[in-house]
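A.B. asks: The primary structure of each chain is shown beneath.
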Amino acid sequence: MVSIDLLLNAVVAGILIGGFYAAVSLGISVVFGLLDIANIAHPLFVITGSYFTFYLNSNFGLDPILVGLILMPLFFVIGNIVYQSYYHFFEKQGAEPLRGLVFFFGVLFLIEVSIIITFGVDYQLVEAAYLGESLNLGIVNVSYRLFIPFLVGVLLTTGLHFFFAKTFYGRAIMGVSQDSLALSLMGADPVRIKSVAFGIGIATASMAGALLVMILPIEPALGREYIGRVFAVAVLGGLGSVKGALFAAIILGIAESLTATYFGAAWSSGVSFGFLLLVLAVRPAGLFGR
Amino acid sequence: MLLFLGAFLITQNFHNQYYYLAAFTVLQYIILSQGWNILGGYTGYVNFGTGAFFGVGAYTSAMIVKTFKIGKSAPFLELPILFIAGGLVAALLGLGLGYLTMRIKGIYFSISTLALAFVTVTIILNIDALGGATGLYIIRPRKIPFFTNYMEFLFLVMVALSIFAVAFARYIENSWIGRGLSAVRDDEDAAECTGVPVLKLKVFATMASSTLMGVAGAAYPYFVTFLEPISTVSLDVGVNSLAMPLIGGTSTWAGPLVGAVLLGIIQQIALVTLSPEYSLLVIGILLVSFVILAPEGIVGLFRKFRASLKK
Amino acid sequence: MKLLKRFRIQNIVGFLMGSIFISGLFAPSVYAAEPLKIGLGMALTGGLAAAGKPAKLSIEIWRDDVNKNGGIMGRPVEIIVYDDQTKPSNVPAIYGKLLDVDKVDFVVSGYGTNLIVPAMPIVMDRNMVFMTLFGLAANEKFEYENYFQIMPSGPNPLTDWSEGFFKLASEQNPKPKTIAILAADSEFALNTAKGARMNSKKYGFEIVYDGKYPPGTPDFTPIVRAIKAKNPDIFYVGSYPPGSVGIVKAAKEIDLSPKMIGGGMVGLQYTSIQMNLGKTLNGIVNYWFWAPEPTMKFTGIEAFLSKYQSEAVKYKYDPLGYYLPPFAYAYVQLLGKAIEGAQSFEQQKVADYIRNNAIDTVVGKVSFGKNGEWAKSRALQVQLQNIQGNSIDEFNRAGKMIVLHPEEVKSGNLIYPFPGWQ
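Chains as they are written, first to last, in our numbering: chain A, 1 to 290; chain B, 1 to 311; chain C, 1 to 422.
By construction, these hints were calculated from the structure, which means they are not laboratory data.
All figures in this text were calculated on a predicted structure; none of them were measured in a lab.
Mixed in with the good hints, there may be bad ones.
[What the hints assert, rightly or not] Calculated lysine to aspartate or glutamate pairs in the EDC-like style (CA-CA distance at most 20 Å, straight line):
{"no.": "1", "chain 1": "C", "residue 1": "K194", "chain 2": "B", "residue 2": "D128"}
{"no.": "2", "chain 1": "C", "residue 1": "K279", "chain 2": "A", "residue 2": "E127"}
{"no.": "3", "chain 1": "B", "residue 1": "K143", "chain 2": "C", "residue 2": "D100"}
{"no.": "4", "chain 1": "C", "residue 1": "K314", "chain 2": "B", "residue 2": "E277"}
{"no.": "5", "chain 1": "C", "residue 1": "K87", "chain 2": "A", "residue 2": "E225"}
{"no.": "6", "chain 1": "B", "residue 1": "K304", "chain 2": "A", "residue 2": "E96"}
{"no.": "7", "chain 1": "C", "residue 1": "K194", "chain 2": "C", "residue 2": "D125"}
{"no.": "8", "chain 1": "A", "residue 1": "K92", "chain 2": "B", "residue 2": "E296"}
{"no.": "9", "chain 1": "C", "residue 1": "K252", "chain 2": "A", "residue 2": "D5"}
{"no.": "10", "chain 1": "B", "residue 1": "K66", "chain 2": "C", "residue 2": "E140"}
{"no.": "11", "chain 1": "C", "residue 1": "K141", "chain 2": "B", "residue 2": "E277"}
{"no.": "12", "chain 1": "C", "residue 1": "K252", "chain 2": "A", "residue 2": "E133"}
{"no.": "13", "chain 1": "C", "residue 1": "K279", "chain 2": "A", "residue 2": "E133"}
{"no.": "14", "chain 1": "B", "residue 1": "K66", "chain 2": "C", "residue 2": "E143"}
{"no.": "15", "chain 1": "C", "residue 1": "K230", "chain 2": "A", "residue 2": "D5"}
{"no.": "16", "chain 1": "C", "residue 1": "K252", "chain 2": "A", "residue 2": "E127"}
{"no.": "17", "chain 1": "B", "residue 1": "K143", "chain 2": "C", "residue 2": "D125"}
{"no.": "18", "chain 1": "B", "residue 1": "K105", "chain 2": "A", "residue 2": "E133"}
{"no.": "19", "chain 1": "C", "residue 1": "K87", "chain 2": "B", "residue 2": "E296"}
{"no.": "20", "chain 1": "C", "residue 1": "K316", "chain 2": "A", "residue 2": "E133"}
{"no.": "21", "chain 1": "C", "residue 1": "K316", "chain 2": "B", "residue 2": "E277"}
{"no.": "22", "chain 1": "B", "residue 1": "K105", "chain 2": "A", "residue 2": "E96"}
{"no.": "23", "chain 1": "C", "residue 1": "K230", "chain 2": "B", "residue 2": "E296"}
{"no.": "24", "chain 1": "B", "residue 1": "K69", "chain 2": "C", "residue 2": "E143"}
{"no.": "25", "chain 1": "B", "residue 1": "K143", "chain 2": "C", "residue 2": "E143"}
{"no.": "26", "chain 1": "B", "residue 1": "K143", "chain 2": "C", "residue 2": "D64"}
{"no.": "27", "chain 1": "B", "residue 1": "K69", "chain 2": "C", "residue 2": "E140"}
[Stated by the list, open to error] Covered stretches of chain C, as calculated for chain B (at least 3 residues, CB under 8 Å):
{"no.": "28", "segment": "78-85"}
{"no.": "29", "segment": "117-129"}
{"no.": "30", "segment": "324-335"}
C-beta atoms are modelled at their ideal positions from N, C-alpha and C, and glycine is treated no differently.
Bound conformation, chain A alone (with noise of 0.2 Å):
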């Protein structure tokens, strides 16, 4: 009996947990799948969207996933910015995209010295009255803590997933990336609508990183360990696909939580990654690649 409660809940877990990645791999996913650009720097956007609802809610109060949509529009804009700089000095110029793989990891240092400078080194956290709150159904227990970033993390997948699919600008980002030429020869200009990509993407980052801090406690360094796990996230779940990220997060979740409830959590990085080398040994498109 106690091993069936342990079991479900073990699998509660984990699909929590992975809603709360698929929120911080969904940028990934779009920016590396759609534009075939590795924002390495992803990471520490989120952790940057995670400061400033820190800042926002201990100076003003205001609700964490609140902060996290006002602060959308504004990730969406420092996103265009950096695409557009990307853009002037590599694609532009042909460059091989590795080149821009070491552009983002100079960004990934500037984010992490800005941070330090502005809101220094000390461990921060949010207050929200429900975060200690937990929610009892029966044998399963559901904390608020990591049941707001699930749903959260799933609403935000599932209204990329439709934009993607049922809207023209949607419509035009997915084409961007299987025929741009194509594109350009219909009138739309692809640079403006790749750049409208990559913003969407760092505008996930902000609700991320609201949801980041409402989870753990953040500190300027913490960016770089959720690198090798976002990338894991996005490439299991097919590149580019919105949905695949959502359910190869689950599954991850799912994975690592079984691992920590019955093999000792020592191993649950471990078998993420195993299963990710895995993956891609077998299928490299991964999971539900196209």
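Starting from the structure of chain A, add chains B and C where the hints point.
C.D. replies: Relative to the frame of chain A, chains B and C by itself:
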């Protein structure tokens, strides 16, 4: 040879420890970036997981030091044994990576090397004999004949290894292997069709690359005296050994050398001169501006400059 | 032609190699009234910066205090700090620079075992005094005689660390029987867990769960639930700040309430985390370094803290600074007093003085024993009590962090069993 003799004379006459310690890191990165470039530059497979090979080399050598204690009876033999062992074990891991290159390409390959680094960390963390997260202490000999300090001897050995790494990369580049590798980089299928032994070459390149990384790692335990997986198999090693060839230029052996020397020295200087935030800031700005201003690396810039002089 | 090309590239390399040598040769060599130079590397960026920056501030406060009173034996103190970026591979070169280029008179260590050990060979080569800041059993392999470590863990660091926790548990009636041990997969936490295992054996507790978790774990509910399934009487945790917060929150959410909880959680001493957790902290028993209790008012500590606190606000450091800062002040203060006590700047004489004398510092009277650890452990066990809310005023006064162990600084009694989460 001349360089080596020069380095030997320096160790005999000049005893300021700082320069040996700082130079050690720079030399280590010369070996690492030459290793990286054989696979990344010549063949076009971008490896993020240099740290894994470096770490495997470091742990192999640390375990040998701990188990066999060769240093006591044969101080001059010890380091070569460590390097060979470190290189060999890393080459084995490279063989596994070679298998991956058969299946996956481009950015997927890069991500799997990243995953490889994380798996390596997890495995080391969970093997108690390797010290796990508590780490391993490797106490280096305090004295060695002919040198006033062990560090000077280690420095000299690193100079020799760096010369070897550069010569090795240069040899590959100028031989048929290098031409084959660049054919693989430009178009794998076309190369296959024209009779280039693509598979063999790729496995050779991954193994050569990882051997050099393992060798660089094998010297590391005596340098830090304390091995711990997270800082040993770190992303920093991966980033540096990728950024250095890129800054220098990936198409020739001179690129990684120039990149490693330049970036390595700038990092060492920034470490002890600038206030902490600003040293990170400077390195970030340098990375960004180098890739923007010198798309073919410094060597490329240099060539362009000479070409324009000729006109 | 080809030769020419190669020649030029080698020229560049040679030039660059040369420039590092030259830049070093022209490093500061101007002397003004023979200052006493003390050098160190400290984690000012990277993972340990949250501790390293306040430590640097504390050292600078000491320098100013000393210089206001005429320096040490008439020489003004100068501190040279480099950032080791929390990377062990940076440490050897930093100490090489300090000793061979900056020609400092004394060196002290950076923060934490990982960043202390890489400096050891260089320091040992020259037989220098090495005052170190929070290395856990770092000298056991080297057995270097001039190593002195300021963390009050005691002569047997691994077990002394949690001795108080287990002694308290064993004194309860009925005596708890089972224990669960969970540790972060990091050097410090694993060592405390190792000590906890040894102490469990000594005091006769049965270990029903023994696990570790990787740093970066975002969600602790699966782990905590697995522990709850074992229903232990005691839950001993060795964790780093993100994990400490995650574990406390998860334990509260799924209501894991053993009879005693805590032990080796890093982070609960940080003011920002305390203010976030607030009432949730009540009842946790944990190691501590300094608390504003009447039994802990050593000479100079309050003057130091008020200086620290007024500075810390400016830089957004930990606003109260009860964790590391007093000890960061103390380890240089102790060095300074030893130089004056020995009336000498000679390394060996200063080391001998530290070895043979009890020295008064802001963290109490310190004397050293085996392997340069405190001769007698003063690892505190503190229980958080009477916390009403989340304001900073909850944490800056007596009566909140009750010192239970050791006896000579005890300020209150343990509430047992754990009263449940609030």
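A.B. asks: Give a verdict on every hint.
C.D. replies: Here is what the structure says about each hint:
no., hint, result
1, C:K194 <-> B:D128, "12 Å, holds"
2, C:K279 <-> A:E127, "13 Å, holds"
3, B:K143 <-> C:D100, "19 Å, holds"
4, C:K314 <-> B:E277, "17 Å, holds"
5, C:K87 <-> A:E225, "15 Å, holds"
6, B:K304 <-> A:E96, "19 Å, holds"
7, C:K194 <-> C:D125, "32 Å, violated"
8, A:K92 <-> B:E296, "15 Å, holds"
9, C:K252 <-> A:D5, "18 Å, holds"
10, B:K66 <-> C:E140, "16 Å, holds"
11, C:K141 <-> B:E277, "34 Å, violated"
12, C:K252 <-> A:E133, "9 Å, holds"
13, C:K279 <-> A:E133, "14 Å, holds"
14, B:K66 <-> C:E143, "17 Å, holds"
15, C:K230 <-> A:D5, "13 Å, holds"
16, C:K252 <-> A:E127, "16 Å, holds"
17, B:K143 <-> C:D125, "9 Å, holds"
18, B:K105 <-> A:E133, "47 Å, violated"
19, C:K87 <-> B:E296, "31 Å, violated"
20, C:K316 <-> A:E133, "30 Å, violated"
21, C:K316 <-> B:E277, "15 Å, holds"
22, B:K105 <-> A:E96, "15 Å, holds"
23, C:K230 <-> B:E296, "61 Å, violated"
24, B:K69 <-> C:E143, "19 Å, holds"
25, B:K143 <-> C:E143, "17 Å, holds"
26, B:K143 <-> C:D64, "40 Å, violated"
27, B:K69 <-> C:E140, "19 Å, holds"
28, 78-85, "holds (count 3)"
29, 117-129, "holds (count 7)"
30, 324-335, "violated (count 0)"
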